[in-house]
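Take a look at the letters that make up each chain.
There are 4 protein chains.
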Amino acid sequence: MTTTVTDWRDHFIAIRSNKIFEMVVISIIIFSALLVGASTYNISPNWLGVMTVLDISVTIFFLIEISIRMAAERRFLNFFKSGWNIFDFLIVTASLIPIDESEMVLLARLLRIFRILRLISFIPELRILMNALATAIPRMGYVVLLMFIIFYIYAAVGSFLFESINSVLWGDLSISLLTLFRIATFEDWTDVMYETMEVYPFSWIYYLTFIFLTAFVFLNMMIGIVLDTMQSEHEKFNREEGIGEAGEVHWIKENSIQMNERMERMEAMLIQVTKQKKG
Amino acid sequence: MTTTVTDWRDHFIAIRSNKIFEMVVISIIIFSALLVGASTYNISPNWLGVMTVLDISVTIFFLIEISIRMAAERRFLNFFKSGWNIFDFLIVTASLIPIDESEMVLLARLLRIFRILRLISFIPELRILMNALATAIPRMGYVVLLMFIIFYIYAAVGSFLFESINSVLWGDLSISLLTLFRIATFEDWTDVMYETMEVYPFSWIYYLTFIFLTAFVFLNMMIGIVLDTMQSEHEKFNREEGIGEAGEVHWIKENSIQMNERMERMEAMLIQVTKQKKG
Amino acid sequence: MTTTVTDWRDHFIAIRSNKIFEMVVISIIIFSALLVGASTYNISPNWLGVMTVLDISVTIFFLIEISIRMAAERRFLNFFKSGWNIFDFLIVTASLIPIDESEMVLLARLLRIFRILRLISFIPELRILMNALATAIPRMGYVVLLMFIIFYIYAAVGSFLFESINSVLWGDLSISLLTLFRIATFEDWTDVMYETMEVYPFSWIYYLTFIFLTAFVFLNMMIGIVLDTMQSEHEKFNREEGIGEAGEVHWIKENSIQMNERMERMEAMLIQVTKQKKG
Amino acid sequence: MTTTVTDWRDHFIAIRSNKIFEMVVISIIIFSALLVGASTYNISPNWLGVMTVLDISVTIFFLIEISIRMAAERRFLNFFKSGWNIFDFLIVTASLIPIDESEMVLLARLLRIFRILRLISFIPELRILMNALATAIPRMGYVVLLMFIIFYIYAAVGSFLFESINSVLWGDLSISLLTLFRIATFEDWTDVMYETMEVYPFSWIYYLTFIFLTAFVFLNMMIGIVLDTMQSEHEKFNREEGIGEAGEVHWIKENSIQMNERMERMEAMLIQVTKQKKG
Numbered sequence: 110m111t112t113t114v115t116d117w118r119d120h121f122i123a124i125r126s127n128k129i130f131e132m133v134v135i136s137i138i139i140f141s142a143l144l145v146g147a148s149t150y151n152i153s154p155n156w157l158g159v160m161t162v163l164d165i166s167v168t169i170f171f172l173i174e175i176s177i178r179m180a181a182e183r184r185f186l187n188f189f190k191s192g193w194n195i196f197d198f199l200i201v202t203a204s205l206i207p208i209d210e211s212e213m214v215l216l217a218r219l220l221r222i223f224r225i226l227r228l229i230s231f232i233p234e235l236r237i238l239m240n241a242l243a244t245a246i247p248r249m250g251y252v253v254l255l256m257f258i259i260f261y262i263y264a265a266v267g268s269f270l271f272e273s274i275n276s277v278l279w280g281d282l283s284i285s286l287l288t289l290f291r292i293a294t295f296e297d298w299t300d301v302m303y304e305t306m307e308v309y310p311f312s313w314i315y316y317l318t319f320i321f322l323t324a325f326v327f328l329n330m331m332i333g334i335v336l337d338t339m340q341s342e343h344e345k346f347n348r349e350e351g352i353g354e355a356g357e358v359h360w361i362k363e364n365s366i367q368m369n370e371r372m373e374r375m376e377a378m379l380i381q382v383t384k385q386k387k388g
Numbered sequence: 110m111t112t113t114v115t116d117w118r119d120h121f122i123a124i125r126s127n128k129i130f131e132m133v134v135i136s137i138i139i140f141s142a143l144l145v146g147a148s149t150y151n152i153s154p155n156w157l158g159v160m161t162v163l164d165i166s167v168t169i170f171f172l173i174e175i176s177i178r179m180a181a182e183r184r185f186l187n188f189f190k191s192g193w194n195i196f197d198f199l200i201v202t203a204s205l206i207p208i209d210e211s212e213m214v215l216l217a218r219l220l221r222i223f224r225i226l227r228l229i230s231f232i233p234e235l236r237i238l239m240n241a242l243a244t245a246i247p248r249m250g251y252v253v254l255l256m257f258i259i260f261y262i263y264a265a266v267g268s269f270l271f272e273s274i275n276s277v278l279w280g281d282l283s284i285s286l287l288t289l290f291r292i293a294t295f296e297d298w299t300d301v302m303y304e305t306m307e308v309y310p311f312s313w314i315y316y317l318t319f320i321f322l323t324a325f326v327f328l329n330m331m332i333g334i335v336l337d338t339m340q341s342e343h344e345k346f347n348r349e350e351g352i353g354e355a356g357e358v359h360w361i362k363e364n365s366i367q368m369n370e371r372m373e374r375m376e377a378m379l380i381q382v383t384k385q386k387k388g
Numbered sequence: 110m111t112t113t114v115t116d117w118r119d120h121f122i123a124i125r126s127n128k129i130f131e132m133v134v135i136s137i138i139i140f141s142a143l144l145v146g147a148s149t150y151n152i153s154p155n156w157l158g159v160m161t162v163l164d165i166s167v168t169i170f171f172l173i174e175i176s177i178r179m180a181a182e183r184r185f186l187n188f189f190k191s192g193w194n195i196f197d198f199l200i201v202t203a204s205l206i207p208i209d210e211s212e213m214v215l216l217a218r219l220l221r222i223f224r225i226l227r228l229i230s231f232i233p234e235l236r237i238l239m240n241a242l243a244t245a246i247p248r249m250g251y252v253v254l255l256m257f258i259i260f261y262i263y264a265a266v267g268s269f270l271f272e273s274i275n276s277v278l279w280g281d282l283s284i285s286l287l288t289l290f291r292i293a294t295f296e297d298w299t300d301v302m303y304e305t306m307e308v309y310p311f312s313w314i315y316y317l318t319f320i321f322l323t324a325f326v327f328l329n330m331m332i333g334i335v336l337d338t339m340q341s342e343h344e345k346f347n348r349e350e351g352i353g354e355a356g357e358v359h360w361i362k363e364n365s366i367q368m369n370e371r372m373e374r375m376e377a378m379l380i381q382v383t384k385q386k387k388g
Numbered sequence: 110m111t112t113t114v115t116d117w118r119d120h121f122i123a124i125r126s127n128k129i130f131e132m133v134v135i136s137i138i139i140f141s142a143l144l145v146g147a148s149t150y151n152i153s154p155n156w157l158g159v160m161t162v163l164d165i166s167v168t169i170f171f172l173i174e175i176s177i178r179m180a181a182e183r184r185f186l187n188f189f190k191s192g193w194n195i196f197d198f199l200i201v202t203a204s205l206i207p208i209d210e211s212e213m214v215l216l217a218r219l220l221r222i223f224r225i226l227r228l229i230s231f232i233p234e235l236r237i238l239m240n241a242l243a244t245a246i247p248r249m250g251y252v253v254l255l256m257f258i259i260f261y262i263y264a265a266v267g268s269f270l271f272e273s274i275n276s277v278l279w280g281d282l283s284i285s286l287l288t289l290f291r292i293a294t295f296e297d298w299t300d301v302m303y304e305t306m307e308v309y310p311f312s313w314i315y316y317l318t319f320i321f322l323t324a325f326v327f328l329n330m331m332i333g334i335v336l337d338t339m340q341s342e343h344e345k346f347n348r349e350e351g352i353g354e355a356g357e358v359h360w361i362k363e364n365s366i367q368m369n370e371r372m373e374r375m376e377a378m379l380i381q382v383t384k385q386k387k388g
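Sequences listed follow chains A, B, C and D, in order. Residues in the first sequence are numbered consecutively from 110, following this note's numbering. Residues in the second sequence are numbered consecutively from 110, following this note's numbering. Residues in the third sequence are numbered consecutively from 110, following this note's numbering. Residues in the fourth sequence are numbered consecutively from 110, following this note's numbering.
The set of hints was computed from the structure by calculation and includes no laboratory data. Treat the hints loosely; a few may be bogus.
Copies of the same chain look alike in the list, so a pair counts if it works inside one copy or between any two.
Claimed, not checked - Subject to a maximum C-alpha distance of 25 Å in a straight line, what follows is the list of computed DMTMM-like cross-link-like pairs (lysine to aspartate or glutamate): (1) K362 - E182; (2) K362 - E376; (3) K128 - E376; (4) K128 - E272; (5) K128 - E307; (6) K384 - D300; (7) K190 - D300; (8) K384 - E370.
This structure is a prediction, so every number in the text was calculated from the model and none was measured.
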């Protein structure tokens, strides 16, 4: 009996690592994305039925595909050891929420959209890119915290001072934060400023310092990331080359000092030899 | 007979590589561009006739010029081996579409505009620049794909949720994509947001995450390109120098180790010689 | 008696350097920030009382905390030798302004907001970041001066020419400076331009040259900072390594020349020895 | 008589190179700028008289100052050999245009503004900065030309297609160029697009390709400049150090090869010597 299971598993492994199978899955993912896109247009009732059938077919295909990949694992739980597998599993099972019940339709539809994200787990270049983006997040951490402190202080000040002028923009802290984000993107920020300048003529100081601070911190963050990335790239390059140029140069220098000493000794001995010859 | 043909060809080659001829062609290209520019202004009927004559002259000049360059080739088809020649040929022949038929006027006019692009094939610096830009495209490929996936998902979500609020902005997937591109350029994006926030008070999450994601991916793309370009510049520099500093340093280190061994042997022998002398 | 004082001081030092104590202070700072944030919302009178009590508690806690850190110093004035301590002291004492007097309420509230800045003096990473930002300011100095000269000239010209057209935007020098800052952020700058172009059709030259100049200077500033930072990073790296690669390579080259000379001498002597042997 | 002239000249040279004199001139330049700034505000008639007197005083001071600097030159024409001196001379003499004639008032005022530019010729750091900016211009040349070609083609196409829709934005080539510049700064570009999309539903292609092209070329220009600056900085650094690391490393490698050969010869001789000894 176990041999039969192993046979089956070998079949599944063969299917999983098959290039054509991979291509089919990527095509179905793109087709599924187009299906979701098409459903945003006004569609005649005739086509609606076809699309529902197609949608169910896609869902079933994904179920079969993920089952094959699960069955191809030696132990069932190994499948969940890879983050991308868990990601795939969640997206596929989320699609199983029935589309019929009217109140769930919107949620089911939204979940179907995220099936396009499976492309990332199937195209290795995109996976590398995602990992690169993920490693960029921690080094931004404290700058984002500093940025948030600046936003928080300005939002509180804005809320205290300008609430009576325009409660739609400065009603409370969260609304003020949104208004400040808008100002940081330069979106109609002068309208906001001119309004408050009628009551507080010097409130332009508030806006200009805010813009300078956020632009300044942002600029430094960008440069910081560029430098950080360059340095890590450089180190990685050195590590890959197995050497590290600076270290090697240092080694050569140290070695030259020893060579000098040795050659001094050798020259002294040679002088001695030639002298004895003459003597 | 063939000698006469060769004679003629030599004449054409002489014309083609003549600096003055090149200058004349560039001047005519610029003049042709000015002619197209002038035709966008209101012109008195008197001048209209003059301009038509000038336009026909330019077209004829270009025909003669490209014929000379074709005739200067040993074999007629060699001319089409260069991408820039095909580019020139297409632009010149496209101008031959008759300007008289009223319905074709607009198309003929539009095609005339592209004659200014011939400047690129005539000025070597612009050609180098174009090649540099072209090489930058592939390394952007997957980032653009990732960007498109983000846009697609947000467009589908936006279309599902906000279509009932404002069908002009969120009517279907393509309209939503255009609206998102507008938001990515910060163009009146708060108006779009405030409208949907009246129905979904938490829809600011949709906009802020979208802006953060696109800005973040874009920032990383930019840094990626800078790093990529720098690394390739560095390698090119090394290749041009014929060396590669890091490699040379490594060679020197390896060689020093051999030198050490040899000198050790030599010292040993010298010690032996001096000992024997004394003995 | 002095021993008792020393005992107490040791206690305070122990508290100050206690990790848990630090965590408690950071939590209280964040809690105080949330308290300020909460006060921007409409709060029922019941909660208002609670919040006043909490606010007083926070103020008292900060007083005790800063007293402990003062008492932990050997000499009272040492406390003020650190810039961050002065910063902390000012923020804490500023909170002591009574909240009761109606006219002072706004000021007291504003000062309370700045208590969130104490986070910077408590989180080492943020302190490093602030120092990094501070070192970036001087190298921007002259570029900012140049930028200001450009703004000043354009503001004066704008004020002279366009005051009669729209005194709200070009009334005097300071208003013009604000309008130019708005144009530099691309915020509805075409509205400003189209208005003046009705009187001075060539005023687009004014706006386009201004945008080009500011963008150009800004771009160069950014690149300048990147280069400056990279160079200083590079030097720092070299200093940390205790070497400086370029210098070492130079040393090796000079040393090789000396080695060549010595080896020439040695070879000459060896030739002499071998000749004598044969003779 | 000539001795007296030389005496006077020495006096002038002493004045010119005097630090206090320099400070005074800088102060007067700043004061003159403030005077121009002040004249944009509404001023009571009493002060107007004072300002006119001050303005005349400043003009006279500048005349004396530039005369001293001229007189300090050995030969009068040497003064005009420095570009900054010509610049100073033009600005000072331009101020001599009489302010009384009503029609010249505006021009005289405008010329007075440019006196602030004299700051650049007096502060060495600003002069260095200006030179750095000037050297950045040529390397941008061809990219700006390419950018202009893109703008020109899109402006002509826009003018042909959209003139009938909105002649205020697309009336002729120059107006279209201005509209495209506006679109490149993302300023209300969607309003322009939505208007033309009513007639040509696919005109979004026109706008999106334009934004992509300009952004793409601009991005590459920026990176190009960064790389260019970095490379030239690097070379300058090497030249200043008097070495050039890569070249030195290469020298060391070549030298090592020669050293190897020599040592091989030496070892061979030593082996011979030791053998003879034993024999």
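Hint-by-hint comparison with the structure:
Proximity of K362 to E182 under the C-alpha cut-off of 25 Å is found in neither arrangement, the shortest distances being 54 Å within a copy and 48 Å between copies. When the C-alpha separation of K362 and E376 is checked against a cutoff of 25 Å, the pair qualifies both within a copy, at 21 Å, and between copies, at 21 Å. Taking the shortest Cα distances, K128 and E376 never come within 25 Å of each other, neither inside one copy (69 Å) nor across copies (61 Å). Proximity of K128 to E272 under the C-alpha cut-off of 25 Å is found in neither arrangement, the shortest distances being 62 Å within a copy and 40 Å between copies.
Neither within a single protomer nor between protomers do K128 and E307 lie at most 25 Å apart by alpha-carbon distance, with minima of 68 Å and 46 Å respectively. Taking CA atoms no more than 25 Å apart as the test, K384 paired with D300 passes in neither setting, with 97 Å inside one copy and 97 Å between copies. When the C-alpha separation of K190 and D300 is checked against a cutoff of 25 Å, the pair qualifies neither within a copy, at 53 Å, nor between copies, at 45 Å. For the identical chains of this complex, K384 and E370 are neighbours both inside a copy (21 Å) and across copies (20 Å), given an alpha-carbon limit of 25 Å.
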